Amino acid sequence: MTAKTLTRMDLSEAVFREVGLSRNESATLVEDVLQHMSDALVSGETVKISSFGTFSVRDKAARVGRNPKTGEEVPIHPRRVLTFRPSHLMKDRVAAGNKG
Amino acid sequence: MIRSELIQKIADENPHLYQRDVERIVNTIFEEIIDAMSRGDRVELRGFGAFSVKKRDSRTGRNPRTGESVEVEEKFVPFFKTGKLLRDRLNGK
Chain A
0 MTAKTLTRMD
10 LSEAVFREVG
20 LSRNESATLV
30 EDVLQHMSDA
40 LVSGETVKIS
50 SFGTFSVRDK
60 AARVGRNPKT
70 GEEVPIHPRR
80 VLTFRPSHLM
90 KDRVAAGNKG
Chain B
0 MIRSELIQKI
10 ADENPHLYQR
20 DVERIVNTIF
30 EEIIDAMSRG
40 DRVELRGFGA
50 FSVKKRDSRT
60 GRNPRTGESV
70 EVEEKFVPFF
80 KTGKLLRDRL
90 NGK
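These protein sequence lines are chains A and B, in that order.
Here numbering that gives the first Met the number 0 is used: the first residue of the first sequence is 0, the next is one more, and so on.
Here numbering that gives the first Met the number 0 is used: the first residue of the second sequence is 0, the next is one more, and so on.
It should be emphasised that the hints constitute simulated quantities derived from the structure, not laboratory data.
Hints may contain errors.
Unchecked claim - Distance condition first, Cα-Cα at most 25 angstroms in a straight line; then the derived DSS-like pairs of lysine-lysine:
#	chain 1	residue 1	chain 2	residue 2
1	B	80	A	3
2	B	92	A	3
3	A	68	B	83
4	B	83	B	53
5	A	98	B	54
6	A	68	B	74
7	A	47	B	53
8	A	47	B	83
9	A	98	B	80
10	A	90	B	92
11	B	8	A	68
12	A	3	B	8
13	B	74	B	92
14	B	80	A	90
15	B	83	A	59
16	B	8	A	59
17	A	47	A	90
18	B	74	A	59
19	A	3	B	83
20	A	98	B	74
21	B	92	A	98
Unchecked claim - Estimated spans, in silico, between C-beta atoms of each pair:
#	chain 1	residue 1	chain 2	residue 2	range
22	A	70	B	30	42 to 50 angstroms
23	B	38	A	34	43 to 51 angstroms
24	B	14	A	69	19 to 27 angstroms
25	B	30	A	73	23 to 31 angstroms
Please read all numbers here as calculations on a predicted model, not as lab measurements.
Beta carbons: idealized from backbone N, C-alpha and C, even for Gly.
Just chain A, same shape as in the assembly:
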């Protein structure tokens, strides 16, 4: 498996091929989609994209962590984290595509 890394450019290229828009406008639209999803998450909303997956924000309580190198205790402040739960369709396609 020679894994490639795709970027925004590849996504806007796909949009460009799919719909007859300029490359420039395709790139802007990709950015807008990511921006709207980010904004919703920052405002605490869950973003649920059917047959893709669900992004949700969770609150983590404060706890005492440890620097694994020095063993020193460091306080970890309460924070918000983002979790992504892939849809069944995504899980199935990823599992099938990478098999063997």
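Mind docking chain B on chain A? Use the hints.
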């Protein structure tokens, strides 16, 4: 927010585009990400996050009801890591 609301927001901001084209655009983006991962590729969206595929080794599992051992085959699962910018924004930085 669900997919249709996301499509609506993009459509509202782009009155020159047909609604059905906006649908195709949004669907293409998500479709492309799944396609990439099913080829074993990564999708790195700076500031937002990165989608990648992780391998889960085969292991001996147990049927929790009967206690019976079962061989669980290796499998590949989707994984998402939040980008730094979004992580900071979630925490008001």
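Hints, verified against the model:
no.	hint	in the structure
1	B:80 / A:3	holds, 17 angstroms
2	B:92 / A:3	violated, 32 angstroms
3	A:68 / B:83	holds, 23 angstroms
4	B:83 / B:53	holds, 20 angstroms
5	A:98 / B:54	holds, 10 angstroms
6	A:68 / B:74	violated, 32 angstroms
7	A:47 / B:53	holds, 22 angstroms
8	A:47 / B:83	holds, 21 angstroms
9	A:98 / B:80	holds, 23 angstroms
10	A:90 / B:92	violated, 33 angstroms
11	B:8 / A:68	violated, 47 angstroms
12	A:3 / B:8	violated, 31 angstroms
13	B:74 / B:92	violated, 37 angstroms
14	B:80 / A:90	holds, 16 angstroms
15	B:83 / A:59	holds, 17 angstroms
16	B:8 / A:59	violated, 30 angstroms
17	A:47 / A:90	holds, 16 angstroms
18	B:74 / A:59	violated, 29 angstroms
19	A:3 / B:83	holds, 21 angstroms
20	A:98 / B:74	holds, 7 angstroms
21	B:92 / A:98	violated, 41 angstroms
22	A:70 / B:30: 42 to 50 angstroms	holds, 47 angstroms
23	B:38 / A:34: 43 to 51 angstroms	violated, 27 angstroms
24	B:14 / A:69: 19 to 27 angstroms	violated, 58 angstroms
25	B:30 / A:73: 23 to 31 angstroms	violated, 42 angstroms
Violated hints, listed in ascending order, are 2, 6, 10, 11, 12, 13, 16, 18, 21, 23, 24 and 25; each of the other numbered hints is respected by the structure.
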